[in-house]
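K.L.:
With the sequences and hints as input, model every part of the structure.
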Amino acid sequence: MADSTPAWMPHLPEGTDAHIEITPRSLQSYLDEAAAHFGDRKAVIFQNLTLTYKELKDKAETFAAALRGHGINSGDRVAIMLPNLPQTIIAFWGALKAGATVVMTNPLYMEKELTHHFSDSKPKFLITLDLFWSKIEPLRPRLGVQTCVVTRIADALAFPLNLLQPLQARRQGNLPEVHFDGRAVISWKAMFKTGRRYSEEPENPSEALALLQYTGGTTGFAKGAMLTHGNLSAQLQQLLALLQCDASTSSHSFLSIMPFFHVFGLMGNIVLPAVLAASTMPVPRYAPHDVLELIKKHRPTFFVGAPSVYISLMQQKDIAQYDLTCIQLCISGSSPFPQASLKQFQDITHANITEGLGLTEASPVVIANPVYGLQKIGSIGLPIPETEVRIVDLETGEKELGDNECGELVVRGPQVMKGYWNQPEETAATLAGGWLHTGDIAYRDSDGYYFIVDRKKDMAIVGGYNVFPREIDEVLHEYPKIKEAVSLCVPHKSRGETLKAYIVPKEGEKITVSELAAFCRSKLASYKVPRMFEFREELPKSLVGKVLRRALREEEEKKQRAEEEAKKD
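Residue -4 in the working numbering sits at position 5 of the sequence shown, and the numbers go up by one each step.
Where hints are given, some of them may not hold.
Stated by the list, open to error - Derived pair list, reagent style EDC-like, types lysine to aspartate or glutamate, alpha-carbon separation capped at 16 Å:
1. Lys308 x Glu500
2. Lys472 x Glu529
3. Lys549 x Glu488
4. Lys537 x Glu488
5. Lys448 x Glu399
As the list claims (entries may be wrong) - With beta-carbon atoms standing in for the labels, derived distance ranges:
6. Lys532 x Pro157: 28 to 38 Å
7. Arg131 x Lys514: 24 to 34 Å
8. Thr503 x Phe150: 54 to 64 Å
9. Lys113 x Phe171: 16 to 26 Å
10. Gln337 x Gly388: 28 to 38 Å
11. Glu379 x Glu546: 49 to 59 Å
12. Pro157 x Glu194: 20 to 30 Å
13. Gly388 x Lys514: 28 to 38 Å
14. Lys550 x Thr503: 40 to 50 Å
15. Lys126 x Glu191: 27 to 37 Å
16. His341 x Ala181: 43 to 53 Å
The set of hints was computed from the structure by calculation and includes no laboratory data. Source: prediction; values computed, not measured. Each residue gets a CB set at the ideal place from its N, CA and C atoms; glycine is no exception.
P.N.:
Encoded structure:
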């Protein structure tokens, strides 16, 4: 590493290694180990279905054999377009054991997004749910997929629910018709009829693609990050060093709310549980009260989620009736966790909550707060083992800055992607000089802890001053009547651009613009105070709970165009 005695070394908990030996290996080897040493442990818990690790491995290898039988060869792409279900877990491991590259696909994608996603990745095989078939079936000629496996909710259930659920769905008119021909369209059950099994290991894990993971597409069409078995296994070894636990010394269970199609949900709720031989409880549709009931029934110990999930749980009126102290560790990611809300959740659960920085392009974690060491309020933490981090100037991206200087955060490590699929120019720009340029503006304090200031593209310039919306958001979240808030720079007819805050009040609360502006003036420099406030019932969000600033900005641009057109009339 660049610095043999980093400033943060004294803040690591006793027994933590700053440097570890990374061994490239296949992801499926972790599942094999769990099945070999802890075969009777519960791997998947979903309603009345339970799978042990031995059963999960057997099903994955049977699925792999079926994929090979239908023409999937090593390196071919297999798309999985499913919510959080046991089938998603089986299909993921099965595709890897078949030697394929997995392409996780957002089930909420519509025609334009699906067409781009499939034309770019060119998967031969698609595994999806019957509830999505009505939008997939008409697009099949354009998607180029040779074979589709269509599963139903009932396939995730054991007797008698597997028989009762289809009857109920049919009565409610919610059982889609799918014509299975045994070749181009196959049922989930048909994939397990032969009973044959297959499993292969990549010859070179450092080069073999395990995952083609598409970014959120906040700047246009999503790009596919090429993540190898070596990238992802390096990440797992880094996380084990960070969490200080392993399968032999710990028995854990994961509440799996974060969507599996998101790299954070995939690694945190499918792969990491297998490494720890822990159980995972898939939640296909997030409903706060249902999740509280799941916690009450199954007593999970690990919780991986976005801040919006933790916040919505705390806002349930009957939260005091639930004992959440079973939760030992929460990993929060995908967006900043407002500090007031984080403290409130810690008080309720007594759990360790660790925040960090993750990117699709880095498998995803690069920086995290030490779970059992010093956690600084507002900090994303320290570089995880074998990860180099720098702050560079915004103008050239080449000059390294010192402590407490704001610049772009760049990282380097074994978990960083090979590049973007079919995007050599984007790859060259993002991995310039061998460093992953994150697009985050950050600084490092004298103890070596990193702090995110804002996204580079979200920074606003007001009266010649740099303004970071995230700082304004933190202040707004301190106001007791506010449930959610986000700020951004929007077009303005006279100023060109101005700061605007979007506010969701707590239920039953009324807030005036004057009181909110006064509160902001008491906490912020005058040029940072939003000039406009808009009260809304909800904020637009991605499926992983990240507020979509882009959607709000587009709303404002549309309003401005409409006003200009009205004037012409």
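K.L.:
A separate judgement is required for each hint: does it hold in the structure or not?
P.N.:
Hint check:
Our distance criterion of 16 Å between C-alpha atoms is met by lysine 308 and glutamate 500, whose separation comes to about 15 Å. Using a Cα cut-off of 16 Å, the hinted pair lysine 472 and glutamate 529 holds, with the two alpha carbons roughly 15 Å apart. In summary, the hint linking lysine 549 to glutamate 488 is supported, as the alpha carbons are separated by about 15 Å, within the 16 Å threshold. Taking the CA atoms of lysine 537 and glutamate 488, the gap is near 24 Å; set against the 16 Å cutoff, the hint is violated.
Taken as a hint, the lysine 448 and glutamate 399 pair is honoured in the structure, with Cα atoms around 11 Å apart against an allowance of 16 Å. Take lysine 532 and proline 157: their Cβ atoms lie about 32 Å apart, and the range 28 to 38 Å holds. The beta-carbon spacing between arginine 131 and lysine 514, approximately 55 Å, falls outside the hinted interval of 24 to 34 Å. For threonine 503 paired with phenylalanine 150, a C-beta distance near 58 Å keeps the hint of 54 to 64 Å intact.
A hinted range of 16 to 26 Å for the beta carbons of lysine 113 and phenylalanine 171 is consistent with their spacing of about 24 Å. The hinted window of 28 to 38 Å between glutamine 337 and glycine 388 holds, with their beta carbons roughly 37 Å apart. Evaluation of the 49 to 59 Å hint for glutamate 379 and glutamate 546 yields a failure: the beta carbon distance comes to about 40 Å. Hint check: proline 157 to glutamate 194, Cβ distance near 43 Å, so the stated range 20 to 30 Å is violated.
In this structure the supplied range 28 to 38 Å holds for glycine 388 paired with lysine 514, their Cβ-Cβ distance being about 32 Å. For the pair lysine 550 and threonine 503, the beta carbons lie near 22 Å from each other, so the given range of 40 to 50 Å is not met. Distance hint check for lysine 126 and glutamate 191: the Cβ-Cβ separation is about 33 Å, which falls inside the suggested range of 27 to 37 Å. Checked against the given bound of 43 to 53 Å, the beta carbons of histidine 341 and alanine 181, roughly 48 Å apart, stay inside it.
The earlier numbered hints that this structure contradicts are 4, 7, 11, 12, 14.
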